[in-house]
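*Asks:* Count the sequence shown with the numbering used here and you get residues 104 to 389, in order.
The hints are simulated quantities; they were obtained by calculation from the structure and are not laboratory data.
Just so we're clear, the structure is a prediction, and the values are computed from it rather than from any experiment.
Heads up, the beta-carbon is just placed ideally off N, CA and C, and yes, glycines get one too.
Be aware that one or more of the hints could be misleading.
[Claimed, not checked] Ranges of calculated distance between the beta carbons of each label pair, as one might list FRET restraints:
1) Lys242 <-> Glu205: 22 to 32 Å
2) Lys133 <-> Tyr329: 21 to 31 Å
3) Glu379 <-> Pro142: 36 to 46 Å
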Amino acid sequence: MIKSMTGFGKSILQLPTKKITIEVKSLNSKNLDLNARIPSQYREKELQMRNTIAKSLLRGKVDFGLYVEITAEETSTKINEAVVKDYIKQLETIDNTGDSTELLKMAVRMPDALKTIREEIDEEEFKAINNALLDALKKIEAYRTDEGKALEQDFLLRIKNIGELLEKVIAMDPERIEGVRERLHKAVSDLKEEVDQNRFEQELVYYLEKFDITEEKVRLSNHLKYFSSTLNSPDSNGKKLGFITQEIGREINTIGSKSNYAPMQQLVVQMKDELEKIKEQLLNVL
Numbered sequence: 104m105i106k107s108m109t110g111f112g113k114s115i116l117q118l119p120t121k122k123i124t125i126e127v128k129s130l131n132s133k134n135l136d137l138n139a140r141i142p143s144q145y146r147e148k149e150l151q152m153r154n155t156i157a158k159s160l161l162r163g164k165v166d167f168g169l170y171v172e173i174t175a176e177e178t179s180t181k182i183n184e185a186v187v188k189d190y191i192k193q194l195e196t197i198d199n200t201g202d203s204t205e206l207l208k209m210a211v212r213m214p215d216a217l218k219t220i221r222e223e224i225d226e227e228e229f230k231a232i233n234n235a236l237l238d239a240l241k242k243i244e245a246y247r248t249d250e251g252k253a254l255e256q257d258f259l260l261r262i263k264n265i266g267e268l269l270e271k272v273i274a275m276d277p278e279r280i281e282g283v284r285e286r287l288h289k290a291v292s293d294l295k296e297e298v299d300q301n302r303f304e305q306e307l308v309y310y311l312e313k314f315d316i317t318e319e320k321v322r323l324s325n326h327l328k329y330f331s332s333t334l335n336s337p338d339s340n341g342k343k344l345g346f347i348t349q350e351i352g353r354e355i356n357t358i359g360s361k362s363n364y365a366p367m368q369q370l371v372v373q374m375k376d377e378l379e380k381i382k383e384q385l386l387n388v389l
């Protein structure tokens, strides 16, 4: 069963004083490329959350976001009273109009007028956050699985099309060989030279062997079966499918170069077109 690397998962956690939203989005990538956006107070847990994501998603360009919305009267930013009072005192020596409101507005905008109190992460809170992260990962896994099913159907269709084109190639091969034989006989007869018939037959067999595609037909058929069986394996292995696709392409190219027969080359072009569509979609497979 294959999975797509494209997916999205979201989980919302409502705590007594805050709402935490976790979002995980993934796109295709050769390896795991994880970008995390986490508030500073949760940075000490970032490595742990990264490891959790890496174990679940394995590959892909992943964006992880943890967003916090305060829903109660709670803030980690406090007014630095001593600093603000000192600013007001200094400002009064410059502006003696007596407008304390304006002086206060100016003072709170000065450096160090506000201080941030760093709070330790409550373990129970982080346990709830971690559960929410696991929930988001389950959702993105379900998304990837559904996308993988759609990809699998497309792959099976393309492989089936290549197999049907291969059957046409196999059916056409005797006609192709006979055509090559006739062209060689005609070429020799046009020379209007006497030739040793036995020697000619030997050379003809040698020449026809260079155009023989029996091995390529067998190997291509086996590669198509191997691709289909790998699709049904328990694990999603896009890299392995990519290697099999390379082998399929090699056999198709060899058939095309050996065919020396326009109708067969047209079939080869159609096989290449189907294979390119497989390659494009394989970029999204985990």
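*Asks:* Next, verify each hint and record whether it holds.
*Replies:* These are the hints, each one checked on the structure:
1. For lysine 242 paired with glutamate 205, a C-beta distance near 52 Å fails the hint of 22 to 32 Å.
2. In this structure, lysine 133 and tyrosine 329 meet the distance hint of 21 to 31 Å, their C-beta atoms being roughly 22 Å apart.
3. Take glutamate 379 and proline 142: their Cβ atoms lie about 45 Å apart, and the range 36 to 46 Å holds.
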